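Chain residues, written in single-letter form:
Number of protein chains: 2
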Amino acid sequence: MAQQQQPMYQQIAEDLRKQIDTEVLKRGSQLPTELELRERYDASRNTIRDAIKRLISQGLVETRPGQGTFVTSKVDPFVTVITADANTGFGGGEGAAYLSQVSAGHRRPSATVPKVEVQAPPEPIAKRLRAGPGAQVVSRHQERYIDGIPWSLQTSFYPMDFIVKGATRLLMAEDIPEGAVRYLADTVGVRQIGYRDWITARLADDNEQRFFGIGHDSTVFVIFRTAFDQTKTPMRLTVTVFPTDRNQFIVNVGTDLPDPQYDEEPGEAAT
Amino acid sequence: MAQQQQPMYQQIAEDLRKQIDTEVLKRGSQLPTELELRERYDASRNTIRDAIKRLISQGLVETRPGQGTFVTSKVDPFVTVITADANTGFGGGEGAAYLSQVSAGHRRPSATVPKVEVQAPPEPIAKRLRAGPGAQVVSRHQERYIDGIPWSLQTSFYPMDFIVKGATRLLMAEDIPEGAVRYLADTVGVRQIGYRDWITARLADDNEQRFFGIGHDSTVFVIFRTAFDQTKTPMRLTVTVFPTDRNQFIVNVGTDLPDPQYDEEPGEAAT
DNA sequence: GCAAATTTGTTCGTATGTATT
DNA sequence: CAATACATACGAACAAATTTG
Chain A
367 MAQQQQPMYQ QIAEDLRKQI DTEVLKRGSQ LPTELELRER YDASRNTIRD AIKRLISQGL
427 VETRPGQGTF VTSKVDPFVT VITADANTGF GGGEGAAYLS QVSAGHRRPS ATVPKVEVQA
487 PPEPIAKRLR AGPGAQVVSR HQERYIDGIP WSLQTSFYPM DFIVKGATRL LMAEDIPEGA
547 VRYLADTVGV RQIGYRDWIT ARLADDNEQR FFGIGHDSTV FVIFRTAFDQ TKTPMRLTVT
607 VFPTDRNQFI VNVGTDLPDP QYDEEPGEAA T
Chain B
367 MAQQQQPMYQ QIAEDLRKQI DTEVLKRGSQ LPTELELRER YDASRNTIRD AIKRLISQGL
427 VETRPGQGTF VTSKVDPFVT VITADANTGF GGGEGAAYLS QVSAGHRRPS ATVPKVEVQA
487 PPEPIAKRLR AGPGAQVVSR HQERYIDGIP WSLQTSFYPM DFIVKGATRL LMAEDIPEGA
547 VRYLADTVGV RQIGYRDWIT ARLADDNEQR FFGIGHDSTV FVIFRTAFDQ TKTPMRLTVT
607 VFPTDRNQFI VNVGTDLPDP QYDEEPGEAA T
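First to last, the protein sequences are chains A and B.
Using my numbering, you'd call the opening residue of the first sequence number 367 and step up by one each time.
Using my numbering, you'd call the opening residue of the second sequence number 367 and step up by one each time.
Be aware that a few hints might be false.
Treat identical chains as interchangeable: a pair holds within one or across any two.
What the hints assert, rightly or not - SDA-like mimics (lysine to any residue), calculated; alpha carbons at most 25 Å apart, straight line:
1. 598 - 420
2. 440 - 489
3. 440 - 391
4. 481 - 577
5. 493 - 620
Honestly, the hints are just simulated from the structure, not real lab data.
Computed from a predicted structure; not experimentally measured.
Could you build the full structure based on these sequences and the hints that come with them?
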């Protein structure tokens with residue numbers, strides 16, 4: 367009987383995970399306290415805590431000091447189409463239409479008013495905007511929600527040059543209803559010919575952990591969107607941070623594809 | 367004196383992280399043993415281990431039983447272009463050209479011979495291929511490397527129908543040099559008009575942890591690529607798993623964009 | 001090839017601090 | 001204020017993996 371291979375804390379974690387999967391422990395419900403689990407599994411409290419730590423790092427439960435440990439209630443994931451679809455045309459702006467939201471109609475996106483700053487760009491930003499040393503940029507930062515759930519943190523950077531040439535509304539801490547792309551075309555004659563998204567993932571920093579309400583070893587998608595004008599010059603860089611636990615992305619290549627079937631979640635797949 | 371705010375194990379982790387960032391502890395080098403750190407920081411071994419666990423979950427160090435703890439040596443990330451570029455034309459096959467590899471010329475991709483199976487597809491696969499109950503599919507699984515480094519795990523699923531109609535080479539455990547797209551067009555007249563990538567992230571399972579050599583709380587990208595034929599019917603589903611610590615993706619929207627500047631890593635950005 | 005030394009992994013017990021009810 | 005529940009920290013012992021002599 368080669369059964370006693372795994373450490374006890376992993377066995378306990380596995381047992382609790384199964385109870386969560388099979389809804390014996392329902393979403394949002396409270397787990398037994400550490401002392402109760404200690405008796406049930408005949409283990410020390412430290413071992414119980416090691417098991418719970420595993421479940422936390424897997425995003426299955428969360429602990430609240432003074433209260434207890436609770437099964438996390440996962441939200442229906444937000445699905446974002448990165449490539450513009452036929453209806454919205456050639457997208458890629460900053461505002462509400464910036465990223466086409468699948469399941470639109472059911473869900474209500476919202477965002478804080480932009481926090482606008484003029485700053486010397488950090489090195490990675492400057493490189494992507496091809497801003498030389500000493501150059502200044504305008505940054506516009508927003509916290510974005512869907513149905514009241516923290517969805518993403520977004521910061522757009524524009525060359526200061528646009529302000530000098532007349533696009534002063536970029537400095538206003540208010541939305542640009544017609545979209546920044548349209549506004550820049552109208553005021554300074556800069557037309558967007560396309561953009562490039564650079565998709566990465568990393569651990570969430572402290573800010574992001576607080577805003578999204580995720581643990582310290584949760585990961586986030588970071589998408590760098592560089593938009594180019596008719597002279598192939600970067601005209602905007604938008605950095606958006608999405609927690610991976612509630613976000614998915616779609617990229618369409620080719621025309622005339624059937625609509626995605628949104629009721630089909632991409633579940634686990636054998637490799 | 368509001369200095370004793372953070373727990374000790376977090377302070378120790380922070381101190382070690384700084385030493386790694388400033389190259390005091392170089393890439394690949396060994397950290398002091400737990401007993402040495404225990405004396406240096408005047409803490410118990412368990413507290414030292416809590417600090418190291420934090421560094422592990424941040425991907426900064428790795429432990430090897432019987433040997434010690436080592437600073438992880440990060441590889442130059444692999445950058446994959448998801449949208450087809452002008453040169454390769456309308457991509458989306460299964461083989462080597464399946465995903466255009468940036469920095470090509472410097473790096474050598476390789477893959478194991480496909481492991482071919484005929485199976486009843488798991489539920490998520492069947493849904494996406496629109497395979498009814500009882501339907502069979504052919505799966506072709508490969509482990510893929512770049513410069514000998516584990517890069518991705520890929521499984522493609524084809525409807526069994528193609529085999530019946532004559533595309534028997536799909537059953538062979540060997541590469542299809544001209545590409546599966548071309549082969550299917552030639553043998554059964556099924557032409558690919560495009561594909562849709564569905565990008566998600568999740569924790570790595572045991573298989574993936576072993577193959578990629580990553581920890582149990584590391585995350586992976588999972589990309590579901592559904593390819594459609596001229597009748598808008600799914601003709602292939604490819605599931606590819608990439609560890610997030612060494613992979614990035616580019617999506618181009620619009621034509622005539624300048625080339626990416628590959629020497630510019632997307633570093634950390636203020637939000 | 002084997003035994004010893006080294007190093008990390010697991011488990012226990014205990015005590016105290018902090019947040020919530 | 002008291003009770004409850006999780007968070008941090010210490011010490012100790014043994015197991016498992018690896019290297020060294």
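**Request:** Against the earlier hints, flag every one the structure doesn't satisfy and list their numbers going up.
**Result:** Violated hint (a single one): 1; every other hint is consistent with the structure.
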